[in-house]
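There are 4 protein chains.
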Amino acid sequence: MTVKIFVTGGTFDKEYNELNGELYFKDTHLYEMLELGRNKVDVDIKPLSMTDSLDMTDAYKQNIIENCKKAKEDKILITHGTSRMVQTAQVLGKSIKNKTIVLTGAMIPYKFGSSDGLFNLGSALAFAQCLPHGVYIAMNGRYFAWDNVKKNEETGKFEEIK
Amino acid sequence: MTVKIFVTGGTFDKEYNELNGELYFKDTHLYEMLELGRNKVDVDIKPLSMTDSLDMTDAYKQNIIENCKKAKEDKILITHGTSRMVQTAQVLGKSIKNKTIVLTGAMIPYKFGSSDGLFNLGSALAFAQCLPHGVYIAMNGRYFAWDNVKKNEETGKFEEIK
Amino acid sequence: MTVKIFVTGGTFDKEYNELNGELYFKDTHLYEMLELGRNKVDVDIKPLSMTDSLDMTDAYKQNIIENCKKAKEDKILITHGTSRMVQTAQVLGKSIKNKTIVLTGAMIPYKFGSSDGLFNLGSALAFAQCLPHGVYIAMNGRYFAWDNVKKNEETGKFEEIK
Amino acid sequence: MTVKIFVTGGTFDKEYNELNGELYFKDTHLYEMLELGRNKVDVDIKPLSMTDSLDMTDAYKQNIIENCKKAKEDKILITHGTSRMVQTAQVLGKSIKNKTIVLTGAMIPYKFGSSDGLFNLGSALAFAQCLPHGVYIAMNGRYFAWDNVKKNEETGKFEEIK
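Residue numbers (this note's numbering), protein chains in the order written: chain A, 1 to 162; chain B, 1 to 162; chain C, 1 to 162; chain D, 1 to 162.
The reader is advised that the hints may include incorrect statements.
No copy labels: a pair is met if it fits in one copy or bridges any two.
As the list claims (entries may be wrong) - With a Cα cut of at most 27 Å, we get these calculated DSS-like pairs of lysine-lysine:
hint : residue 1 : residue 2
1    : Lys26     : Lys111
2    : Lys150    : Lys69
3    : Lys40     : Lys151
4    : Lys26     : Lys97
5    : Lys40     : Lys99
6    : Lys111    : Lys40
7    : Lys46     : Lys61
8    : Lys111    : Lys151
9    : Lys99     : Lys111
10   : Lys150    : Lys40
11   : Lys40     : Lys26
12   : Lys94     : Lys162
13   : Lys162    : Lys40
14   : Lys162    : Lys46
15   : Lys157    : Lys111
16   : Lys151    : Lys72
17   : Lys162    : Lys69
Simulated from the structure, these hints should not be mistaken for lab results.
All chains should be built: construct the whole structure from the sequences, respecting the hints.
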């Protein structure tokens, strides 16, 4: 069993540019994080982009859908910015029914030392292995069905709509 | 839904005593780790002991079994030293059938900065929520049934027996 | 012997706002950093402001000067953003001759895990204790006289002018 | 100006062996620490040994003395275990008068995330640059002459004898 992982950027992979004091993307830290976690799940990582989710266009979401459809694996994990994670989950949920797709992200960049990213990655990988087909968001240790989740912008936490 | 968490010590919770250079146990870091992971799963944490798993006696395992049986929750996570994790899983697996019990641990103490503990905790909590009743070990991003797992002492990784 | 420490903000004390993804100032981390360094130098810390050095006005620099003049200690350490550190050092150097004043800062925020801040703080505190009266910048393990230092914006390193 | 650095082991460089749970020495982290500190002091690092200071023999101390005498630089920094740092400083102080020699160490291994090592390294490097000839211990942000220092075993802090 292999879990396909698509990397799309998000806070997960942000870094601090010490010359201008701005946050930016360089490379994904997913390989490093999986090694730190001593991961032995067979994964196949494909970086799709390195984007702030606020900058994600429709073409961008379409690219994620195409890649999920084309993937031969039926277990897929997507790292994604949290600001538009729900929107991407909805688009995926409406069009893909025969795979288990789990989106996850982070509130704090992995490189900033005390990140929630490693915890989320561990839980997302576990959910991808044992949830039935469907599209889910894995955040805060929980999983949410794509059509019953919102991000509470006050608290930064994900929760059910109803 | 509540996940009961029993803390039994193990590498997870080891600290460095700067006065004598030895490793020791003080308090569990589980609260801090769950906060770092922005956890929102309802958990009920009960520290049973702070022990190196090499020092675990039969009475010690018996205490874990009793606590698992008495717990009103049917989803249980146990943090445990990795050296004797398989043995404790076997004892639990033989005597408890009506709950989902997941044991997890760490190869590197959480306090030592780059620990696998946060990744394991995330995955174990996820497995506890979605695996059917049974006793499992969650390590290296994977889950293993209690009767088909061993720790490879050469690599420090967990693997199936057959 | 007491070292007076004035905190003025700078990268040292920046934090990541996980709700909007921006960097901001909350409290100084100087107390925490000195504790981490097991510091036993007698220090008297006075936060003057929490400012990005790019936002420092003349009134702002004037406030630093006044505070340095008023301080009864003749050993002073100032944490400061690196972008305008040289300018502040020059203003101080021209007007204060009877004290040892050392400015230091960081390229990476302390909260981001792998910061140069702790190294710089250790060296600045040492320089403040043993350099003769004068105004200095302590960065990159070195010290520079206020009238012979510039920040190389390409490399982020400090160097002599001549 | 070059600072010669002799590495002799000590807590600074201890690592955690995840297979047997013991602390051990592998390679020195000094290069990595100086890079993290964005150090630009010209240094010449020579690893002499990787030893727990409790295991240091007379031959061992003699080797440090010989190396200090032979060094063409008159500014020397020595990383050393804290348990026997005072003894080594005394032996050096009695036999070398024409160089500035600064011993430093750490209470917590650098690899364990929240170490005092980086702070101590910054201060020791600064003291090596500006103290007059003599042998010193740089710990807790302070410097101590070799003949007026002891380690307080209760607190782990260094202090004057009188």
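Hints, one by one, checked against the model:
no. : hint            : in the structure
1   : Lys26 - Lys111  : both (11 Å within a copy, 20 Å between copies)
2   : Lys150 - Lys69  : within (24 Å within a copy, 36 Å between copies)
3   : Lys40 - Lys151  : between (31 Å within a copy, 13 Å between copies)
4   : Lys26 - Lys97   : neither (33 Å within a copy, 46 Å between copies)
5   : Lys40 - Lys99   : both (21 Å within a copy, 26 Å between copies)
6   : Lys111 - Lys40  : both (22 Å within a copy, 23 Å between copies)
7   : Lys46 - Lys61   : within (15 Å within a copy, 43 Å between copies)
8   : Lys111 - Lys151 : both (23 Å within a copy, 25 Å between copies)
9   : Lys99 - Lys111  : neither (31 Å within a copy, 38 Å between copies)
10  : Lys150 - Lys40  : between (32 Å within a copy, 14 Å between copies)
11  : Lys40 - Lys26   : both (25 Å within a copy, 25 Å between copies)
12  : Lys94 - Lys162  : within (19 Å within a copy, 40 Å between copies)
13  : Lys162 - Lys40  : between (37 Å within a copy, 16 Å between copies)
14  : Lys162 - Lys46  : neither (34 Å within a copy, 31 Å between copies)
15  : Lys157 - Lys111 : both (21 Å within a copy, 22 Å between copies)
16  : Lys151 - Lys72  : neither (30 Å within a copy, 31 Å between copies)
17  : Lys162 - Lys69  : neither (29 Å within a copy, 33 Å between copies)
Going through the hint list in order, the structure does not satisfy hints 4, 9, 14, 16 and 17.
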